[in-house]
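Undergrad: Here is what each chain is made of, one letter per residue.
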Amino acid sequence: MPSLIIKNGRVIDPASKRDAKGDVFIADGKFVKTLTPAQKKQAKVIDAKGLVVCPGLVDIHVHFREPGQTHKETILTGSQAAAAGGFTTVVCMPNTSPVVDNAGTVALIKSVAAAAPVHVYPTGCITVGMKGQALAPHGSLQKAGVVALTDDGLCVQSNELMHRAVEYAKMFGLSILDHCQDESMTEKAVMNEGVVSTRLGLKGWPHAAEDIIVARNIILSRYTGAHIHMQHISSAHSVELMRQAKKDGINVTAEATPHHIAFTEDALATYDTHFKMNPPLRTETDRLAIIGGLRDGTLDCIGTDHAPHAPEEKDKEFDYAPNGIIGLETALPVCLDILVKKSKFQLSHVIDLMTRKAADILKLPAGTLTPGACADVCIFDPGEAWLYNTYGAFSKSINSPWDKQTLTGRVKTTIVSGQVVYQNGKMLV
Amino acid sequence: MPWHRKHLLTIEELKRAEIEQILATAAAFRRVLDRKVKKVPALRGKTIVNLFLEPSTRTRISFEMAAKFLSADVISFDASASSTTKGETLRDTAQNIQALNADMIVLRHAASGSPLYLSKVLGIPVVNAGDGAHEHPTQALLDVFTMREKLGDLKGRKVVILGDILFSRVARSNIHALTKLGADVTIVGPSTLVPHWFESMGVRVSHNLRTALADADVVMLLRIQHERQGVSHFPSLGEYTSMFGLNYTRASWVKPDAIIMHPGPINRGVEIDSDIADSPRSVILQQVTNGIAVRMAVLYLCAGGQPEQVLTPVE
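Respectively, the protein sequence lines represent chains A and B.
In terms of numbering that gives the first Met the number 0, the first sequence opens at residue 0 and continues consecutively.
In terms of numbering that gives the first Met the number 0, the second sequence opens at residue 0 and continues consecutively.
For reference, chain A alone in the conformation it holds in the complex (with noise of 0.2 Å):
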């Protein structure tokens, strides 16, 4: 493998607090102070002017579907549209077909993953088939590879079994991701429960039943000790427990999502399905609530909650779509349009939220330009505006509320140790 030299760029490494115009030298897939005469010799050379170099982007809420649905995206084509949207490393979700309940079918996708241009971490479930009835083996899944645990969509939710499970996970170091919704409070629900669930006349979902599972969780780790890790928080109050619980010193984190912090609810008003998820859009209070949570460090991360679904599944009524929206390809530009430009969010924050903070939360080697470390990197262009067309992008699903929009901020090459994998709009392995 040849050595790199990305030259002439502004360098970002929220890691190293390295924000200057410089080089960056790579060498046998890592990054290095500087290379030798014979290796700059040989080395390839990335004029990286005008262009933003960082550690390469950390997602660790992704959906693959591989096994059991690929016609809506598999390891191959969703590691495609990380590395088209600067990510380099990513964590999948275990709610495929079958679940990640097994070593077997951790094994499976660690064997698939290994062709992938990016690195990919799978997750195990908490519980037999994410039916929140009985634990899943969490050593063995630790042993399979597995970086973290959770029952994603199906929030557990006896408390007794999450209070055994994070206990549990916590001898085998593995956190404890979770989707944070009391069921009881939702069933059939499809969006925001308030004023305009009202007007619609769709079932609401209310944020009580977030903050609810948010509290609890905060409470089980302050029990407990153990890392509870909550996924694409969506209240205002959400964040505001999660504030008070960073002041206490309890050891939970959360991510937002660059959906929630770009719409709020009023974007279903033609009943839309791309703008179904779960957690839903909220209110403009909540958004910015979200925004605020990222500023002060209350939440620690962004993660995209890439969620593929064929067309024909969210061309339906409202009512019978599922949640969720494809975000790897978007979420550099949407993060930096709405914290950077309309935020006022430091640039180096931003690329901070989507690197060394979310690779720290499960302990991943990534996220750092540090010499030493695996050489990841995005480079991107902060100021090219460009036509997002799904259909011409890589994710095999094209669920995007972005579809046909102008985005600012192209990323123009990804390196995954080492090798460029991704440029100018081609994927190269």
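Calculated directly from the structure, the hints in this document are not laboratory data.
One thing to keep in mind: the hints can contain errors.
Lysine-lysine pairs mimicking DSS-like chemistry, simulated, CA-CA at most 27 Å apart [said to hold, decoys possible]:
| no. | chain 1 | residue 1 | chain 2 | residue 2 |
| --- | --- | --- | --- | --- |
| 1 | A | K43 | A | K20 |
| 2 | B | K37 | B | K67 |
| 3 | A | K48 | A | K32 |
| 4 | B | K67 | B | K38 |
| 5 | A | K169 | A | K142 |
| 6 | A | K32 | A | K16 |
| 7 | A | K245 | A | K142 |
| 8 | A | K403 | A | K315 |
| 9 | A | K395 | A | K109 |
| 10 | A | K245 | A | K16 |
| 11 | A | K16 | A | K6 |
| 12 | A | K6 | A | K40 |
| 13 | A | K187 | B | K37 |
| 14 | A | K340 | A | K48 |
| 15 | A | K395 | B | K119 |
| 16 | B | K5 | B | K38 |
| 17 | B | K37 | A | K403 |
| 18 | B | K14 | B | K149 |
| 19 | B | K5 | A | K315 |
| 20 | B | K38 | A | K315 |
| 21 | B | K119 | A | K315 |
| 22 | A | K341 | A | K403 |
| 23 | A | K313 | A | K340 |
| 24 | A | K313 | B | K119 |
| 25 | A | K187 | B | K119 |
| 26 | B | K14 | A | K313 |
| 27 | B | K85 | A | K313 |
| 28 | A | K343 | A | K48 |
Just so you know, these numbers come straight off a predicted model, no measurement behind them.
Dock chain B against chain A, hints included.
TA: For chain B alone, kept in the frame of chain A given last:
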């Protein structure tokens, strides 16, 4: 003023002038219903399909009679015998109906927003005959038609809608229609079925029946829709009746000339006692008759007819 709409999907989207146009057109058709031969040739040669994917008796029959009185050919679609039970999508079912040369679809569907969805995928007019808990525009139109028949101008009139508001498409459409026509609307019932969110739609929310009914010109009752409620929203029908059922005593709290309305079907002894439902103040059956005229107007206008044409004598 010409009629421009191809579809009738919601009352919310209508301007007051459009509501007036429909009501004026309905008034002309209402006169037709008093004739010996209740048929006009307005939609001769047109085929209307009643695509009812949720059980309905009165609305389906009302639309069917309205179409027939306009001389249209009408086909009513039985959900239990349809391809939708075999897994066919709404899009495919409706597109097939269009391909079979239907000129208009009247849709009843359990999912809110489905008429809007269908209007985007079809080239023919779509009329909403009730979508989930969202809207039931022709019901609201026949309700305000009946109110105006009895009370005249609705501006400043106090209308109380009592019952299961949360799950009621009738309530939502009526709120839009009544507020556009200047009525003063109060919704009342248990807090679980009458959430404060409705205030954003320009109505007063009350859980006190006595206060709400005071000086009302209209009391519109709604059925408790058990089938839409995932969990119980109140302890029992008995408790509901004891707290919110309209009985003789409570009916005395409204103005002496107030009218009692109900979109049907009535649960006698639950939301309304029989002696009130059958009293001279009840206009429940007039609502049903007026529904035909209103639906004739809606079908006629959405098929391309113009209000001023029907206002000339139709023979």
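Undergrad: Indicate, hint by hint, whether the structure satisfies it.
TA: Quick rundown of the hints versus the structure:
no.: 1; hint: K43/A <-> K20/A; result: holds (19 Å)
no.: 2; hint: K37/B <-> K67/B; result: holds (9 Å)
no.: 3; hint: K48/A <-> K32/A; result: holds (20 Å)
no.: 4; hint: K67/B <-> K38/B; result: holds (7 Å)
no.: 5; hint: K169/A <-> K142/A; result: holds (14 Å)
no.: 6; hint: K32/A <-> K16/A; result: holds (15 Å)
no.: 7; hint: K245/A <-> K142/A; result: violated (31 Å)
no.: 8; hint: K403/A <-> K315/A; result: holds (20 Å)
no.: 9; hint: K395/A <-> K109/A; result: holds (20 Å)
no.: 10; hint: K245/A <-> K16/A; result: holds (23 Å)
no.: 11; hint: K16/A <-> K6/A; result: holds (19 Å)
no.: 12; hint: K6/A <-> K40/A; result: holds (14 Å)
no.: 13; hint: K187/A <-> K37/B; result: violated (44 Å)
no.: 14; hint: K340/A <-> K48/A; result: holds (21 Å)
no.: 15; hint: K395/A <-> K119/B; result: holds (25 Å)
no.: 16; hint: K5/B <-> K38/B; result: holds (23 Å)
no.: 17; hint: K37/B <-> K403/A; result: violated (52 Å)
no.: 18; hint: K14/B <-> K149/B; result: holds (23 Å)
no.: 19; hint: K5/B <-> K315/A; result: holds (22 Å)
no.: 20; hint: K38/B <-> K315/A; result: violated (38 Å)
no.: 21; hint: K119/B <-> K315/A; result: holds (11 Å)
no.: 22; hint: K341/A <-> K403/A; result: holds (21 Å)
no.: 23; hint: K313/A <-> K340/A; result: violated (31 Å)
no.: 24; hint: K313/A <-> K119/B; result: holds (15 Å)
no.: 25; hint: K187/A <-> K119/B; result: holds (25 Å)
no.: 26; hint: K14/B <-> K313/A; result: violated (32 Å)
no.: 27; hint: K85/B <-> K313/A; result: holds (19 Å)
no.: 28; hint: K343/A <-> K48/A; result: holds (24 Å)
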